[in-house]
Structure formats: C-alpha cells, structure tokens
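Q: These are the residues of each chain, in order.
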Amino acid sequence: MKTFLSVLTVLAAIVAFWYAACVPMNIKGVLDTAERGGAEVMPATSKARRDMGTFGLVAGNTFAIAQTWEQDRPRLPAPHQVVTELWKTTVMKKLTSKRSLVYHAQVTLKATLMGFVIGTGLGVLLAVGIVHSRVMDMSVMPWAIVSQTIPIIALAPMIIVVLYSIGVQGILPKAIISAYLSFFPVVVGMVKGLRSPDAMQLDLLKTYSANTSQGFWKLRLPSSMPYLFTSLKIGIAASLLGAIVGELPTGAVSGLGARLLAGSYYGQTVQIWSALFAAAILAGLLVALLELIEKIVLKRMGMQQ
Amino acid sequence: ADDVKLQLKWVTQAQFAGYYVALDKGFYSEEDLDVTILPGGPDIAPTQVIAGGGADVTVEWMPAALAAREKGLPLVNIAQPYKSSGMQLTCWNDTGIAGPEDLPNRTLGVWFFGNEFPFMSWMSKLGISTEAKGEMGVEVLKQGFNVDPLLQRQADCISTMTYNEYGQVLDAGVSPDELITFKYEDQGVATLEDGLYVLEENLDDPAFVDKMERFVRASMKGWKYAESNPDEAAEIVLDNDASGAQTEHHQQRMMREVAKLTAGSNGALDVADYERTVKTLLEGGSSPVITKTPEGAWTHIISDAALK
Amino acid sequence: MTLVFLAVLVWCLGWWLNSRLANGASADTRAVKLLVPMIFGVTVLLVWELLVRGLAVSMVILPAPSLIAERFAASLPILWKDLAQTFLKGALSGYIIGCGAALLMAVAVDRSDFLRRGLLPVGNFVAALPIVGTAPILVMWFGFDWQSKAAVVVVMVFFPMLVNTVAGLRETSAMQRDLMQTYAASYWQSFFKLRLPAALPFIFNGLKISTTLALVGAIVAEFFGSPTVGMGFRISTSVGQLALDMVWAEIVMAALAGSFFYGAIALIEKSLTFWHPSQRG
Amino acid sequence: MNTQTTTQADAPQAHASERAPEAVVEAKNLDLVFPTNDGPVQALKDVNLTINKGDFVSFIGPSGCGKTTFLRVMAALEHPTGGSITVNGMTPDEARKQRAYGYVFQAAGLYPWRTIAKNIKLPLEIMGYSKAEQDKRVEQVMELVELSGFGGKYPWQLSGGMQQRASIARALAFDADILLMDEPFGALDEIVRDHLNEQLLKLWARTNKTIGFVTHSIPEAVYLSTKIVVMSPRPGRITDVIESTLPRERPLDIRDSQEFIDIAHRVREGLRAGHGDD
Amino acid sequence: MNTQTTTQADAPQAHASERAPEAVVEAKNLDLVFPTNDGPVQALKDVNLTINKGDFVSFIGPSGCGKTTFLRVMAALEHPTGGSITVNGMTPDEARKQRAYGYVFQAAGLYPWRTIAKNIKLPLEIMGYSKAEQDKRVEQVMELVELSGFGGKYPWQLSGGMQQRASIARALAFDADILLMDEPFGALDEIVRDHLNEQLLKLWARTNKTIGFVTHSIPEAVYLSTKIVVMSPRPGRITDVIESTLPRERPLDIRDSQEFIDIAHRVREGLRAGHGDD
Ligand SMILES: Nc1ncnc2c1ncn2[C@@H]1O[C@H](COP(=O)(O)OP(=O)(O)OP(=O)(O)O)[C@@H](O)[C@H]1O
Ligand SMILES: Nc1ncnc2c1ncn2[C@@H]1O[C@H](COP(=O)(O)OP(=O)(O)OP(=O)(O)O)[C@@H](O)[C@H]1O
Ligand SMILES: Cc1ncc(C[n+]2csc(CCO)c2C)c(N)n1
Ligand SMILES: [Mg+2]
Ligand SMILES: [Mg+2]
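Chains as they are written, first to last, in our numbering: chain A, 2 to 306; chain B, 13 to 320; chain C, 995 to 1275; chain D, 52 to 329; chain E, 52 to 329.
So here's chain A without its partners, still in its complex pose (with noise of 0.2 Å):
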C-alpha cells in the first residue's frame, strides 16, 4: 500500500516534468506549423528560430503551448498521446489485426520464451559446468565475458543468414539470438550462487564424504536459489529485447520490433513510444511473474523470513 503510494507520488512527478518538458521539445514543430497555417509567430521564419534557444521561443509564443501536447509528430509526445495510441492498439483492436499491439506482442513473446529457456538452460548447464570444472573455468568464463562485448545487432544479421543458410528459419533464429544476450546474467549469478556456500558449510559436507553430486543437491543448488531468481530476472529481460533485437533481420514483419521500426521509420514518435512502453509492460508482466514464483519457491524452501 505504502508503495503504492510511492509509486503513484513519483509516476505523478514524472508526468508533470514530462508534461512540462513537451514545451520547449516540441516548440519549434509547432511555431513551423502555425507559420504555415498564417499565424503570427515570433520571429517570423523558420530559419531564424532555428538559430534561438527554446524557452525564448516559448516565451514569446505562449499561445501555442497547449499545441506542444497535441502535435501529429512531435518530438517528444504527450503522455495521453501514448495512452491514447496504447489504448487503440490493444483494446480497441480485434487481437488477431496486424494493428493490435497484442497481436505483435504474443508474436515478440513466443520467441522471447523460446529463447529464455534455451539461455537459462544453457546458462545453468555452463553454470554448473564452470563450479564443478577447473578447466571450464578458466578458459570458458573469459570468453562468456567476451561474448557480451560483441555488439549483438551487428552479429543478429549474421546469425540469421547462417541459420538460414543451414536450414534453420521461423521462430528458432530469433530465440537464439535472445538465448544469446539471456545467458550471461544466468552464467554470473548462478556461478556466484552456485559459490556462495561459506567454507563451514562446505567442510560439514565433506566429513560426511558427501560425493559432488549430493553437494550440489543438498547444498549449492538450495543456496543458489536466491541468485537464481534475481539472474533469472535480469534474463527474461534480456531475452525480451534479443528477441526485438532479432526480428529487425528477419523482415521484422511482426513483433514489436518491428512496430519500433516502423514507427521510426515513417517518424511515427508516438507509435514508437506506444511500442516501447508495450515492450517495457511486457517485460514488467514477465517479471513480476517471475517474482511471484521467487517468493512461493523461496517460502516453501523457507529461505524468506
């Protein structure tokens, strides 16, 4: 409740500044059409307002304020502009239309899962691997890291024709490229989780002789758990934005990935602002979802006090 609160208190500020910010980002958009349209604007051409700061500009427009919040491609949209355009595409649209951000979201999600559970297999599996494996650590862990500095939207065009050119296509390029950028946070957190066991912990296993794998059962993977979830976290919301990442190479003809681009590409801001905040929900919802199986896990193994 509490937070709620909070929440509601900071979103209210953030809206207020957003409103307020619209002003002078989309005052220029506005004097140039209100030029056009024969109104009188101070100066008078487009050229000399280039060249003057905005709040001057605003300042000596006042009346063309409240246009700042209604413009068709402003800089900077209102937020009921997003709200707006948010609330024609999922609501007002059937599910199935290619206009209805459901639509394109089921479209992002599938591949996103798909990809979460090829990263978060392969990164547990690595996890694993590395814990137990001298050599897997020192000479996988380096290049894991590696990995992650390598500009993935210059290798996702890549990963697709080579995909492509061995038969793979539909859905199982995209969620490689998203088990790609998921895999990492899961490889660190459950290393550093699978690790977190303290040395008594470890030396009690040993005067029992408990063998590796009774080691990992009873102690490293339980005390991993918490790190699991918060890796975990972190992954699905990598995964998301692979999966946006990996529909613009394949024609990005659905997604929305493909709503971004082009949104971007026909200078739609207020489409591209819907579809971000449409991904960011989403990855909100796949969150919080995660969340809440956290907290059953965690109760039921009696790790939350």
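Simulated from the structure, these hints should not be mistaken for lab results.
A couple of the hints might just be wrong.
Stated by the list, open to error - Computed list of lysine-lysine pairs in DSS-like fashion (alpha-carbon distance at most 30 Å, straight line):
no. : chain 1 : residue 1 : chain 2 : residue 2
1   : B       : Lys17     : B       : Lys95
2   : A       : Lys193    : E       : Lys148
3   : C       : Lys1075   : B       : Lys83
4   : C       : Lys1202   : A       : Lys193
5   : A       : Lys296    : E       : Lys96
6   : A       : Lys300    : E       : Lys182
7   : E       : Lys182    : A       : Lys219
8   : E       : Lys148    : A       : Lys207
9   : A       : Lys207    : E       : Lys253
10  : B       : Lys145    : C       : Lys1083
11  : A       : Lys48     : B       : Lys145
12  : E       : Lys96     : A       : Lys207
13  : E       : Lys187    : A       : Lys3
14  : E       : Lys204    : D       : Lys204
15  : D       : Lys96     : E       : Lys204
16  : A       : Lys48     : B       : Lys195
17  : A       : Lys219    : E       : Lys96
18  : A       : Lys95     : B       : Lys37
19  : A       : Lys300    : E       : Lys187
20  : D       : Lys169    : C       : Lys1264
Just so it is clear, the structure is predicted and the values come from calculations on it, not from any experiment.
Using the hints, position chains B, C, D and E with the ligands against chain A.
A: Chains B, C, D and E with the ligands in isolation, oriented as in the chain A frame:
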C-alpha cells in the same frame, strides 16, 4: 508448383507493388509458381541473404549488386522493372541552396548500407569532398530511416526517394515550395534501382532458368497491372504488410510515384542504362565502388524468353 | 573433409592441454591463468579457420580468422578513428555520466524510503525499454554525433548501476548497523565508514555489467544515425558492401576494447574489495 | 519466584544507607513482543530493574531468555512494546545521541575491510578524537586485550577468540559511561578470561563506569558483579536479582571464599528454577 | 616444556598394561603453515599425539593456538605441510571416505533453507539411511539435546544456544566412530552444559566412540576426558598431555573430589605456562 523465394530490398510497401499484385492476383500460380516474398529492412543486406541461400532472387540496386560482384559474389541482373531512378537530395529552400554549387559547407544526410554509391559519385563529379565541412567539402551524416533530420533541421539536405521520403516530408506539413530537390536523374548520376538479381551459378541450371522466366513474366504482369490500378495495388500492399504500420494515403501516393519510374520498362534491362550506371560508379572518386568494368553482370536470356 | 577432421582433432587437443594445465600443479600461477583462456581462444580460432576452409563457407557469410586478421592489420588507422569516436567519446563519457548519476541517485534513494519504494519500480520499468526503440529517439534529440551515443549509454547503464548500488547500500548486517547506532554516528559517518565499503562489491558488480552495456549501446546507437565515423557506422556500411572482413575486424576491436575495459574495472575491484570472501577465493 | 519483588524493592534502600545511589537505568514493567510470522514472541515480560551509577550488573539465564534483548533495549537498539525505561533520566535514544554507550556484541562483528587496529579506531574516528589520541588509545587497549602486534591483520586472519578480544578493545577505546557487554568472554579460555576479568574490574574501579554484562558462567557473574540478574525464558522475565555482598576490591582468590560460594549457589538455584519452568 | 615428550612416550605403555589400546589417530611431527599475504603463519609445529580407540580427548589452550586447526587436520579438512598423521591406520582422507567422522563446528552452521529436523536429517540422507530410520534417529537426538518440538522451526527462529544444540544433534545422529567437537557448549549456560556433559559421557560409554573435544573450560575438560591435551600458541604446539586417572563412570559430584581438583590444577598450570610463553 515450383518454389521461389524473393528477397525485397526494403520493408513491405508500394515500392514492390508489382510482386505483391502478382502474388495476390494469382499471376504466379498461373505460372505454376509458389512465391514467398521476404520483406527487407534496415538490418538486411539482400546480397548476403542470397549468398547464404536464403532466397532465389532478390530486388537490389545495381551499385550494391555490382559491388557484391566485385567482392566475389557473382550476382546477375535478369530483369529491370524500374526504368529510372527515384533518388534525390531534398534541401530547405531558406538555407539559400539554389544549385549544386551551393552544397559545400553544408550538412547532408546520406543513406549508407550500400546506398551511398550514387551520392559519392555525384560529389566526386562536383569535386566536393565528403570528408569534412569546408569550402570544398560537405559534412555527411549517416541518415537514419526517416526524414526527421530535415524536419528537425539537423541537416540542410537529406536523401529522399520521390515515392517515399519526399512524401513524408510533405505529410509533415511542409509545402513543396519550401523545398528544393536535386534529382539524380537530372544531375546525370542516376543509377539503376530495384532490378532482379540471381546467383550466376544457378543460371547453368535449365530448370532454374525456366522458373525465373515464368517468375519474371508474372512479375511484369503484376507491375503493369499495378501501374494501371494504383489504388487497388496499394490496397494489396497494405493487406500484405504484417507490421500494420503503413497507411492507405501514403501507399496510394507511393504507388502513383512508383508507376512513373516503372512506366518506361517492359522488364528487360536497357544496356545503355546499364552502361551509364557502370560509368557513374567507376567515376566514384577516391574510393570507387567498382574498380573495373564488370563482365557478365547481366543477361537477357531470361527477360527475352519471358517477354517474347 | 580432412580439414574438418583436423578441426575436431585440434579441438580435442586444445581441451586436453587445458585440462592438463588447469588441474596441474602450477594451476594457480598467473601465467597458467592467462595461458588457459588463451589456448581456448586459439583453439576456437583454429577450429573456425579449418571449418570455414574445409566446408568452403563463402567469405560473404563467414570470413576465416586469417582474413579478418589481415583486414585488421591493414585498417588500423580507420579502426583507431572509429574506436576513438565510439568508445572514447560516446561510450566512456556516457559510462561516466550514467554511473556517476546512478551513484548519486542511489544515495538519495537510499536516504529516503519513499523514493526507494517509488523510484525503483519506475526505474525497473525504464530499464526494460528496449534500446532499439530508445536509440532513434535519442538520436533525434541529441543529434548525430557522439552526444546522442553517450545519452543512449547513460540510459542503458543508469538503472543496472542504481539497482546494484541501492542493493549494496542495504547489504550491511544488522549488527554492523547496530554498532554504528551505539556510537550515535551521523548519517554520513555511517555512510562512509560502513555502508559504502560494504556496498563496494555490489557497486563493482554494477560497474562491470555497465562496461559491456556501454560499448554495445554506443555501437547500436550508431545504427540509427551517425557521422561517417564510428564502429557502428563502419559495421553497418560494411555489411551493405559485403565487406564482412571489415565487419569482423570491427567486432574484434569492440571485443578487445570491451574486454580491456572490463578487465580494468575488475582489477580496480580486486584492489578495493580484497576483503570480500569472493575475492579471497 | 516471588523473591523477585522483595529483593528488588529492598535493594535500593539497602544500598541507600551506604552511599547515595544515583539511578542510571530504570526499567518499569517493560514488555517486548517480537511479531513473527508464526505468532508473536514475548521476549521480555514485565521487567522491572534499577541500575545505579557504578553498578556492575550481570545477566544470566538459559539461552533464549531475553538477555540480549534487554541489553539492546537499554542501548536503544530495540524499542519496548510496553512499560518504560530511562537512561540517565532520558530515553535510551537521547542517551545514545550523547554517546553514553560502549557495546560489545555477542559475535565480534568486525568490519572485514578494516585491519584490527583500524577497527578499534572506528569509534574514535566517529567521535572526533585527534589522530595522536587515536593512536595512543588503540595502542593501550590492544595491549589490554593482549593483541599487540596484530594491529595490521585483517579479521579473517585471526582465530575466533582473537576477533572477540578485538571487539572488546573496540568498546573500551573510548570513554562511554555505560558499557554493555553481551557474552564478551564466551570464546576465550580460562586464563585469558581470568586476566580480562581482572582487567575489567580494574577499569571499572578506575573509571566508575556502569556495566551491563551477559554471561553463562556463574563464577564469572559472581566474581564481577555488584548485582546479578537471573532470567528465565518463555516469556523472558526476571526471576531473581541478587545484590552481591562481596567487597569492591576483589582478588582472584575471593572465588574460594564461603561468601562467594553462597552467592554462586543462590544463582545456580535461581537458574535451575528457570530451567524447570519450561 | 619437556613434560610433553615424557608424558606422551609413557602414556601408551601405561595404558597398555590395563587393556590393549588400539591407536585410532597417530600424529607424528605434524607441521602446518598457512601462507598468508603478510608471511606464513605456523598454526601447528611438531605435534605428536596418539589417540586410542575409545579415548575422550580434550584440547585446551589459548585462542589461536591451533585447536581448531588440529581437529580439521584429523578430519582431513586441512592438510599438514609436514609430518604424518594416520586415522585408523589410513590417511585422514581415506578415513573420511569411510564416513568415520562426526564433526561439530565452532559455529552452528545450519542450512537456513532446512528446518531443524531436516538439518539433523541431512547426514542421514547423504549416508543413505532408510526413511523410517531417519525419522527415528532425528526424534532420538532431538530429545537428547532438548529440542523436541522445535523440529519444524527454521534456524533463524532459534536463539544462538538452541542452534548450537541442533548442530550437536546433527553430528550425533549417525554412527561415526570418531566424534570431533569444536567448542560445542561454548554458547550454553551452566545448567544445560552440565546436562549435555552428562549425556555426552553416557553416549560415549554406551557407544565406545572416540571423541576429540575442544573447550575453554578446565572443569569441563577434566570432567569429560580420559586425556587432556594442553596447547600453546605461536607456533601452535602441544605443551602437555595429561592422562586422567578418574574412573570412566563419572557422576557430576566427582568434580568436588581431590583427584579432580588436582588434575584441574595441573591443566591450569599448563595453560598458564603456555600464556607466559609469548
Ligand atoms: N528479531 C527477532 N525476531 C523474533 N524473535 C526474536 C528476535 N530476536 C530474539 N527473538 C526471540 O526472543 C527471545 C529472546 O532472545 P535473546 O536473543 O534475547 O535471548 P538470549 O537470552 O540472548 O539467548 P542466548 O543466550 O542464546 O544468546 C528468543 O526466544 C528469541 O527466539
Ligand atoms: N585460513 C587461515 N589462514 C591463515 N591463518 C589461519 C587460518 N586459519 C587459522 N589461522 C591461524 O592459525 C592459528 C590457529 O588458528 P585456530 O583457528 O586453529 O585457533 P584455535 O586454537 O581454534 O583458536 P580459538 O580458540 O580462538 O578458536 C591462528 O593464529 C590463526 O590466526
Ligand atoms: C539504414 C537505411 N539504409 C538505406 C535506406 C535507403 N533505402 C533502402 S530501400 C529504399 C527505397 C525507399 O524506401 C531506401 C530509400 C534506408 N532508408 N535506411
Ligand atoms: Mg544472546
Ligand atoms: Mg577454534
């Protein structure tokens, strides 16, 4: 039916109306073809896709195709539905630009990703450096996907296509007399756009050649239908746009403009146009796209057979 | 086919060599710790080279490492200019601004329970905005040069850094805080003497994550508009020209710069958080 | 069980005749309930206690009876859910602001990023002692707890007992009026313990500090204290308060005196009763 | 100092005449050096010790003298840098593989995601006891350490002393030949301690386990042990090994006997000598 995969150069839009019309009107199935149209995008190099076996035939601009050929990817032009170039440079009138001689010391938006070659040739012909702003140089920006750099006045001029970006500038509320445009056709540096290209080795296969004949025939039928029924063609394009981002108004206008560019072509490559393109590219200044006259970069076998 | 067979052989050989080294007597020496990943990397490169040649993979799909190396060596001046533009100007300045702002914000958030509760969920939301969408917007706002790349980096690194720092500042044990209470230490005293040192491992976690984000972010942003220099610019133009060797040369450069950056931060971390169990090893 | 009320009521008066006692801590009907998810835990119930200036009060009782909790209430680290408590006539919170407390926790709780010497220096830095004074005091207390020479080591390089001694040194380094110690000598052997017991008594006599001291050792409680508080668990309450009749000057061999043995016996009986309770 | 060699050399023979002793642990010239960043720390130096089957051996000495380290060497948790040690005629590592050890650590070290009962069950699961047997044994040892009824609680819901008792129960739940206990009763009050001491002696008598026991309490060491090992620090070494002459049957009041007091005196002297050393 024979499968054909067509890779487009850009996203689904009226620029490719002929193919969508042929698909939708059943021209392809009449020829016993099962055609899949793969949309392109900013992150897709059609030449790379065809090299990887992802497509049988691709829509590409000739400079990029010839460049790929020199890089060791033997692409061959089998048909040329676009007769003339739609590329132009669009500037604000109020910046004082009246002719090409006013371009130095300006900031220009240019498309890269294989589309920069005509611009480079033009600049080299004008003797303008693209390295830095100055008396004899311009500042070049890698333009993104849209016309914002012009609208936001981050650039004095940007590249536009007659059928697409130029319309977007007008849609933003700008009137044509606020702008001045330099068509590449008028500047004598036009290069061929939107031809159909296949891998050379495939042409040794009679079955493939036969397939392509039928494909070109049906595509041209689609193009001619689209030219004469622009609104219907635009509608078909809209139906095929899976992203749901295109608007009817924009596609209808695009179709009309595109029709002007395809009007002069029956599908066969005009060798004079080809040679003019090669000449332009060879003159491409310090780092020309191609360094020697290409051999075997086109063939009339298919268009001849298709159009007889 | 023999080349493919050779590739398999090289792989097995490399792995065997590493097993010997990693489980050997001198496994903890600095040399071996460097050698093992090196051998792994060389093995991967060899296998790549052999496979590409053995399977006759087209150079426009995947160039062989030898070709990439050749291109790399031949294009050093261009690579350096691109690195300066993208890494030094874009990524680094964005990294410093973003991480610095996040640190300050974290302190503010940590002081006020209200802000923490209200800002963190909103922050998590903003962090989930996909860069592919934010980059074009920021290019539109901040222009084509490195400033917009820095802005993208700021947006990318801000929240991972904020979340980590806030978590770190709350990491102290109850007893450690109680001790400060019995001294009636002021907020800033307990901040500098207890919470900041205790938070360091987390702060470095955030800093390390941010290094990889920063470079990738700057490169990606260049796809959406840039001057005619920069790693992202070079990559996207080269792909259009099918100059895949150049693309890979830039990727190698990015990986080198990124790894170096990461390594530098990790080194600082080691010297500042030597006391933490994870560093005592 | 009702020894409690009588003893407590008498005690202050008995003392009063000797010298005017000045109450430092006064707890009245103190209650403390921890809300936990499987029901509330009554850690302290109806606790009444007066501690006078210069008292050395030991708390003894089975584990879980609330000794730590009561110490924490005195130091304003925990807030009672019922009753009242004053320290030097103020609330514990105000007293804490005046830096009235030195606290030794049940576990050492040294900061791992500081060396032993720097750990001991911590409160001195916070309270703004001069550099020279800091160094002098660190030197002194390290000697007192026999850790000279270990100043440059990090906590994890020391054995458990050495860490505990460092944490005692940390609490002794500055001049707190009230010293609260939670099983400070638990991890130490008898010799060191005897030595530290002696040192602590000397320090107490010299500085006239008021000391609250939790221990599990009956002889230690009897040897050190002017007042022994016996507690029993579930709910945590005081079952007996024993005023020591031993003199303030206490050589180690006082532990063989009949008086000592009698008091120890009474404490043991009280403890046993507490254990029988549950 | 030279009591060490004589006592040790004599001891096995002296015993041998009573009943045939069977050496369980034999340490010869044991050295252990920890490499740390400010130079090596000699934790054990030239340690010689024989522990016979059924012995109850206590280790006592100032903190940091190497008691924990020696226990860890016996349990193969630490490897000596010099000398040799055998357990049941094998290396400690081999003995560990045969599950010869029950170990109680200096801190409780319970797994926070397991309830008390499940914590105690852990070794039984690992060693493959049947479900029914597991439950029976958990029941038994929980009663032994007076924790019945707390089986369903999680560790953080218990006070420090209760956690320590749970960890003792965990080590008693399975049939290890050798029980190694590192200050198991340090956090408990005297009453519980007395009770657990008695219980431990009974268990020892019944099962004929060999027990290694670290304590800081002289009476506890004397009351429990057949052999008391006195150690001194820097470097950690054995200064005295005292064979107890007390009978195996030991009622609590044996602590008032003269024999008891004499042994305790000798231990105290040994300890004091170790302290004087540094
Ligand atoms: N934070 C807490 N939340 C819930 N219960 C608590 C908390 N702290 C202490 N308790 C409970 O309060 C009671 C008193 O605890 P306290 O730590 O004061 O005991 P103690 O006398 O110090 O025991 P010990 O000798 O074992 O240290 C115990 O039953 C304990 O379980
Ligand atoms: N991991 C380690 N690294 C370095 N030095 C260590 C380590 N463990 C122990 N020591 C050192 O070895 C010596 C013996 O330590 P040990 O823990 O055996 O003492 P102890 O007799 O058990 O003391 P206590 O009674 O305080 O538990 C000490 O000086 C300690 O500082
Ligand atoms: C990154 C990027 N590269 C190239 C183009 C240019 N382009 C490719 S196809 C085509 C025809 C018009 O739609 C145009 C203009 C672009 N827009 N964005
Ligand atoms: Mg306590
Ligand atoms: Mg120890």
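Q: Each hint: holds or not?
A: Here is how each hint holds up against the structure:
The straight-line distance between the Cα atoms of lysine 17 of chain B and lysine 95 of chain B is roughly 23 Å, inside the 30 Å bound, and the hint therefore holds. Annotation: proposed proximity of lysine 193 of chain A to lysine 148 of chain E holds, straight-line Cα distance about 28 Å (limit 30 Å). The straight-line distance between the Cα atoms of lysine 1075 of chain C and lysine 83 of chain B is roughly 25 Å, inside the 30 Å bound, and the hint therefore holds. Among the hinted pairs, lysine 1202 of chain C with lysine 193 of chain A is consistent with the structure: their alpha-carbon atoms are about 14 Å apart, no more than 30 Å.
For the hint linking lysine 296 of chain A to lysine 96 of chain E, the alpha-carbon distance of about 51 Å lies beyond 30 Å, and the restraint is violated. Note on lysine 300 of chain A and lysine 182 of chain E: the hinted pairing holds, with a Cα-Cα distance of about 24 Å set against a maximum of 30 Å. Proximity of lysine 182 of chain E to lysine 219 of chain A is assessed by CA-CA distance (about 17 Å); at most 30 Å being required, the pair is judged to hold. For the proposed pair lysine 148 of chain E and lysine 207 of chain A, the alpha carbon gap of about 9 Å is at most 30 Å, so the pair holds.
Pair hint lysine 207 of chain A plus lysine 253 of chain E holds up; C-alpha atoms about 27 Å apart against a cutoff of 30 Å. Distance hint between lysine 145 of chain B and lysine 1083 of chain C is fulfilled; the C-alpha atoms sit about 20 Å from each other, no more than 30 Å. The hinted pair formed by lysine 48 of chain A and lysine 145 of chain B meets the criterion: a straight-line CA distance of about 20 Å does not exceed 30 Å. At most 30 Å may separate the alpha-carbon atoms for a hinted pair to count; lysine 96 of chain E and lysine 207 of chain A meet this at roughly 25 Å.
For the given pair, lysine 187 of chain E sits about 48 Å from lysine 3 of chain A by alpha-carbon distance, which is inconsistent with the 30 Å threshold. With a C-alpha separation of about 38 Å, the suggested pair lysine 204 of chain E and lysine 204 of chain D falls outside the 30 Å cut-off, and the hint is violated. Pair hint lysine 96 of chain D plus lysine 204 of chain E holds up; C-alpha atoms about 23 Å apart against a cutoff of 30 Å. Straight-line distance between C-alpha atoms of lysine 48 of chain A and lysine 195 of chain B comes to about 24 Å, which keeps the hinted pair within the 30 Å bound.
About 37 Å separates the Cα atoms of lysine 219 of chain A and lysine 96 of chain E, which puts this hinted pair outside 30 Å; it is violated. For a cut-off of 30 Å, the pair hint linking lysine 95 of chain A to lysine 37 of chain B stands: about 27 Å separates their Cα positions. A distance of roughly 27 Å separates the Cα atoms of lysine 300 of chain A and lysine 187 of chain E; the hinted pair therefore holds under the 30 Å criterion. For the proposed pair lysine 169 of chain D and lysine 1264 of chain C, the alpha carbon gap of about 20 Å is at most 30 Å, so the pair holds.
Figure legend: structure checked against the earlier numbered hints; hints not met, in rising order: 5, 13, 14, 17.
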